[in-house]
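Protein chains: 2
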Amino acid sequence: MFGERIYNFSAGPSMLPLPVLEQAQESLLNWNGSGMSVMEMSHRSSSFDSIFQDAQEKLRALLRVPDTHEILFLQGGATTQFAMVPLNLMGEAGRADYALTGNFSTKAYEEAQKYGACSVAASSAGENHTYIPAQEELQLDGGASYFHYCANNTIYGTEWQYVPETGAVPLVCDMSSNILSRPIDVGRYGLIYAGAQKNMAPAGLTVVILRRALAGHARKDTPVMLDYAVQIKGGSMYNTPPCWCIYILGLVLQWLTDLGGLEEMERRNGEKAALLYDYLDESRLFHGTARPEARSRMNVTFRTADKDLDAQFAKEAAAAGLSNLKGHRLVGGMRASIYNAMPMEGVLALRDFMARFEKEHI
Amino acid sequence: MFGERIYNFSAGPSMLPLPVLEQAQESLLNWNGSGMSVMEMSHRSSSFDSIFQDAQEKLRALLRVPDTHEILFLQGGATTQFAMVPLNLMGEAGRADYALTGNFSTKAYEEAQKYGACSVAASSAGENHTYIPAQEELQLDGGASYFHYCANNTIYGTEWQYVPETGAVPLVCDMSSNILSRPIDVGRYGLIYAGAQKNMAPAGLTVVILRRALAGHARKDTPVMLDYAVQIKGGSMYNTPPCWCIYILGLVLQWLTDLGGLEEMERRNGEKAALLYDYLDESRLFHGTARPEARSRMNVTFRTADKDLDAQFAKEAAAAGLSNLKGHRLVGGMRASIYNAMPMEGVLALRDFMARFEKEHI
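Top to bottom, those sequences are chains A and B. Okay, so the first sequence: first residue is 4 according to the numbering used here, each after it adds one. Okay, so the second sequence: first residue is 4 according to the numbering used here, each after it adds one.
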């Protein structure tokens with residue numbers, strides 16, 4: 004624990020940087036002399052417009068989003084994108100490629116089948132999603148409207164360590180659980196989407212970054228709110244956006260900028276993950292569940308050989324101020340989600356707790 | 004102004020009760036000893052579950068929602084409901100009735116035409132939406148899948164003063180701008196929806212109350228997030244809900260309960276509106292724009308005979324701590340939105356400011 008706050012290893016919603024929360028608290032009744040909370044501002048007001056534009060600009064700068072791409076602040080989470088992507092991008096070809104490397108990529112594939120012919124370009128299901136298929140394993144359809152994958156699989160603790168090469172087929176990527184964790188080459192993607200509640204902001208905001216040329220081809224019966232072209236034209240304000248989440252996102256982006264941007268974040272995240280994986284590789288009690296070459300820097304999944312001991316570990320850790328370490332119900336074991344806002348101190352505290360627990364139980 | 008805060012007459016997002024903001028501020032770093040902010044909580048945690056269930060129960064109690072009806076906490080605003088309603092309810096009949104009494108009811112009608120044959124049961128467009136059609140003016144289709152109307156028209160300052168009688172045809176009502184402003188008989192409705200950002204919570208939450216039996220008949224190509232049956236089955240958590248907005252809603256509902264519930268709120272709202280309308284009826288400078296029998300208790304629209312004077316009024320009022328009084332761009336003039344959270348003191352301050360302005364300009 005630090006002060007009265009605990010280290011929260013939840014897979015999402017998850018920790019926010021303490022300086023962000025402190026700023027939000029200070030401004031809660033009266034933002035910047037406006038006489039009102041950000042929660043009370045008209046989305047058409049000059050005050051909120053400055054908050055909105057600032058978040059857009061900071062995100063564009065941090066991710067180096069090229070001018071060819073739009074940034075949208077939407078609602079409905081990644082699951083809404085599972086439909087919105089095919090509704091907008093399936094187009095005349097009417098078929099798309101999906102790589103299935105976990106729970107959410109599989110759900111995206113199932114949803115997209117309502118709107119076109121979807122092919123499984125690769126699947127790790129046969130080995131319980133413990134690895135990421137290599138480029139040469141991808142069965143690519145050169146005529147597909149897009150290729151969809153999920154960059155980081157929170158439940159299975161795996162992460163794509165490369166960007167798939169798909170030629171002229173636009174890359175569509177769910178980055179909900181690793182966006183802003185390191186620099187990416189946005190120009191290589193047709194569309195990136197991410198629920199905000201892991202690495203960006205409170206739940207209720209979805210960030211979409213898309214090549215402008217891909218919009219404007221939605222099916223005729225697409226709900227107006229799910230049409231990228233409508234959202235681009237409306238500047239993400241076709242209706243009232245999730246203003247508070249956008250405000251917090253702006254504070255998070257400022258925090259990231261101040262600490263040195265995504266290169267520095269990559270360095271920190273690499274250090275945090277290495278601390279846990281190095282320990283797991285030496286441990287006689289715990290072992291990591293993902294194949295080493297596919298290990299996620301965001302979600303570290305591990306277990307003992309004993310289910311009851313796993314449960315005891317998660318319970319005792321929570322009592323020690325290290326919360327939400329229980330693994331997802333689909334896989335059991337433990338999971339430590341160490342997104343951007345998890346400080347090194349929290350990871351050290353977890354590693355030390357694991358070492359003490361190991362001594363007691365080996 | 005009260006303290007450093009101003010009276011915010013915005014049509015939405017709009018004022019929240021000060022005690023609600025103060026509680027949110029106090030708990031922002033550490034909710035109820037949990038060691039984390041509500042913004043950081045897993046939506047599957049026991050802490051958040053208690054917040055969620057509490058908000059559901061308080062809303063059910065305040066609105067006396069019968070057991071036949073489900074309460075859903077969704078995203079995407081009323082505009083998403085414009086599609087979600089027909090996608091789910093259009094059914095085999097394939098046709099629905101719409102009453103057009105303003106901007107949003109017309110948008111709902113336009114969106115629904117993607118999914119079925121929509122009839123205009125009544126329209127006030129011919130008289131610039133300054134009135135609400137009477138029951139006997141409604142052209143009802145007894146075989147329609149539902150009848151849709153918008154209970155309060157924020158832009159035009161009109162409000163339905165009666166609940167339409169539609170026989171066996173389910174009533175669907177957009178209550179975004181007057182929900183919780185007075186008691187309603189929920190059992191008479193098939194479905195009620197409301198964006199939260201006017202009378203309930205920050206932007207990013209949509210409350211839907213629907214008769215359970217109406218769910219389960221969605222079109223096959225309905226996005227999973229837009230299927231009421233999926234959302235009912237998932238308890239509004241098919242994916243991560245907008246947790247912070249739900250938390251603030253709970254605080255608002257507690258505030259409403261403490262002050263005496265919706266009967267007391269109706270009394271207060273009646274008093275606030277009467278104060279302004281009585282003044283308008285006597286004024287030699289200002290006049291109300293809605294027909295007296297259709298006047299909204301939430302949005303009081305008025306103007307002078309001079310556009311420049313209107314602009315001057317809004318500007319000087321803002322400088323005096325009475326903000327967002329400029330009317331919607333579609334109609335011009337002024338609009339004072341006086342939702343639940345606007346205190347009588349704010350309305351008195353506005354009335355006094357109007358009286359002073361009148362003296363100077365008549």
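Worth flagging that the hints you see were computed from the coordinates, not collected in a lab. The structure presented is a predicted model; accordingly, all values stated were derived computationally and were not measured. There could be a bad hint or two in this list.
[As the list claims (entries may be wrong)] Covered stretches of chain A (chain B as the covering partner; in silico rule of three or more C-beta atoms under 8 Å from a C-beta of chain B):
| no. | segment |
| --- | --- |
| 1 | 75 to 87 |
| 2 | 119 to 130 |
| 3 | 321 to 327 |
We put the CB at the ideal spot given by N, CA and C, even for glycine.
So, going through the hints one by one against the coordinates:
no.: 1; hint: 75 to 87; result: holds (count 9)
no.: 2; hint: 119 to 130; result: violated (count 0)
no.: 3; hint: 321 to 327; result: holds (count 3)
Hint compliance for this structure: hint 2 is the single one not met.
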